[in-house]
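Peer 1: Sequence:
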Amino acid sequence: MFGSKLDIFKREWTDVIFKGRNKEYGAYELRNSNSRNTNLALLIGGLFFIFIISLNTIINAIEGFIPKAPEVVKITDVKLLPPPPADPAKKPPPPPPEPPKPKVNQVKFPPPVVKPDNEAKEPPPTTKELVNADPGPKTQAGDANADVQIDGPVGNGDKVTEADPNQIFNAVENEPEFKNGGLPGFYKYLGNAIKYPSVDKENNVQGKVLVTFVVEKDGSLTDVKALRGPDESLQDEAVRAVKASPKWKPGIQNGRPVRVQYTVPVSFTLSGGDE
Numbered sequence: 001m002f003g004s005k006l007d008i009f010k011r012e013w014t015d016v017i018f019k020g021r022n023k024e025y026g027a028y029e030l031r032n033s034n035s036r037n038t039n040l041a042l043l044i045g046g047l048f049f050i051f052i053i054s055l056n057t058i059i060n061a062i063e064g065f066i067p068k069a070p071e072v073v074k075i076t077d078v079k080l081l082p083p084p085p086a087d088p089a090k091k092p093p094p095p096p097p098e099p100p101k102p103k104v105n106q107v108k109f110p111p112p113v114v115k116p117d118n119e120a121k122e123p124p125p126t127t128k129e130l131v132n133a134d135p136g137p138k139t140q141a142g143d144a145n146a147d148v149q150i151d152g153p154v155g156n157g158d159k160v161t162e163a164d165p166n167q168i169f170n171a172v173e174n175e176p177e178f179k180n181g182g183l184p185g186f187y188k189y190l191g192n193a194i195k196y197p198s199v200d201k202e203n204n205v206q207g208k209v210l211v212t213f214v215v216e217k218d219g220s221l222t223d224v225k226a227l228r229g230p231d232e233s234l235q236d237e238a239v240r241a242v243k244a245s246p247k248w249k250p251g252i253q254n255g256r257p258v259r260v261q262y263t264v265p266v267s268f269t270l271s272g273g274d275e
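Residue 1 is where the sequence shown starts when you use this note's numbering, and the numbers rise one by one after that.
Derived from the structure by calculation, the hints contain no laboratory data.
Treat the hints loosely; a few may be bogus.
Just the calculated beta-carbon pair ranges, DEER-fashion [unchecked claim]:
{"no.": "1", "residue 1": "V73", "residue 2": "P94", "range": "19 to 27 Å"}
{"no.": "2", "residue 1": "S271", "residue 2": "A193", "range": "18 to 26 Å"}
{"no.": "3", "residue 1": "V72", "residue 2": "K108", "range": "17 to 25 Å"}
In silico BS3-like cross-links for lysine-lysine, where the CA-CA straight-line distance does not exceed 27 Å [unchecked claim]:
{"no.": "4", "residue 1": "K225", "residue 2": "K247"}
{"no.": "5", "residue 1": "K217", "residue 2": "K188"}
{"no.": "6", "residue 1": "K217", "residue 2": "K247"}
{"no.": "7", "residue 1": "K201", "residue 2": "K225"}
{"no.": "8", "residue 1": "K249", "residue 2": "K188"}
{"no.": "9", "residue 1": "K138", "residue 2": "K195"}
{"no.": "10", "residue 1": "K138", "residue 2": "K201"}
{"no.": "11", "residue 1": "K201", "residue 2": "K243"}
{"no.": "12", "residue 1": "K179", "residue 2": "K249"}
{"no.": "13", "residue 1": "K249", "residue 2": "K208"}
{"no.": "14", "residue 1": "K225", "residue 2": "K243"}
{"no.": "15", "residue 1": "K247", "residue 2": "K188"}
{"no.": "16", "residue 1": "K208", "residue 2": "K179"}
All C-beta atoms, glycine included, are put in the ideal place defined by N, C-alpha and C.
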């Protein structure tokens with residue numbers, strides 16, 4: 001009846017809707033100007049979007065037409081002071097003395113430089129020339145009465161001193177060792193020296209106490225302390241037994257005895273012994 005497409009914003013339909021009504025009302029004007037306002041808004045929005053996208057190109061084009069101000073280079077004259085006048089009474093230093101002549105003849109041996117054959121100015125000495133002469137910086141006759149010079153030792157001859165004689169090492173070339181059988185012998189000693197605290201026996205307290213100490217240069221044990229353990233009484237007993245240990249063989253670093261930090265676990269068990 002009305003066709004396949006109906007546009008109610010056309011002027012004809014607007015007049016039908018507002019027939020007999022107040023056309024001065026704002027809705028009538030809005031319907032009449034709707035298409036024009038929509039097209040104008042799309043046009044303005046599209047132009048603004050194109051302007052934003054092309055802004056950098058426009059700026060570069062404008063800068064290309066604007067002449068740049070020439071750079072001004074300021075040249076300043078620098079006045080150099082004349083050198084001080086030479087003192088005629090002051091004599092120049094004497095030239096350094098010539099080195100003593102070698103004991104045997106020398107033939108000049110220039111340092112080797114890789115060059116084409118046509119550019120080689122000074123060939124090296126032949127094997128025949130080096131039979132009765134040594135290579136040297138220049139060709140000169142030797143002096144049979146000259147003394148043979150032997151280069152001295154390198155360095156200032158100072159004795160090597162330790163940076164810190166009391167330094168404690170954690171790892172050395174030769175580890176410290178219990179004199180009577182090494183580490184197994186030390187554990188055997190602990191098994192005989194440790195006395196299980198009676199309170200811990202009654203309460204069935206067992207476990208390992210980690211003991212650390214320093215093996216001194218003479219093999220004695222110092223700074224003995226427990227790092228951790230089941231309880232304080234077991235830690236105290238482990239520390240007491242380690243302190244009473246005989247001397248060890250000290251650790252060796254660079255051929256000399258040094259102080260070494262050492263750590264051992266001490267086990268307290270009620271079923272397999274007292275170690």
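Peer 1: State for each hint whether it applies.
Peer 2: Each hint, compared with the structure:
1. V73 x P94: 19 to 27 Å: violated (50 Å)
2. S271 x A193: 18 to 26 Å: holds (20 Å)
3. V72 x K108: 17 to 25 Å: The hinted range 17 to 25 Å is violated for V72 and K108, with Cβ atoms some 60 Å apart.
4. K225 x K247: Cα-Cα ~17 Å, so holds.
5. K217 x K188: holds (24 Å)
6. K217 x K247: holds (10 Å)
7. K201 x K225: holds (23 Å)
8. K249 x K188: holds (17 Å)
9. K138 x K195: The hint is violated at about 85 Å.
10. K138 x K201: violated (92 Å)
11. K201 x K243: holds (23 Å)
12. K179 x K249: holds (6 Å)
13. K249 x K208: holds (25 Å)
14. K225 x K243: With a Cα-Cα distance of about 9 Å, the restraint between K225 and K243 holds, given a limit of 27 Å.
15. K247 x K188: Status holds; Cα separation ~15 Å.
16. K208 x K179: holds (24 Å)
Figure legend: structure checked against the earlier numbered hints; hints not met, in rising order: 1, 3, 9, 10.
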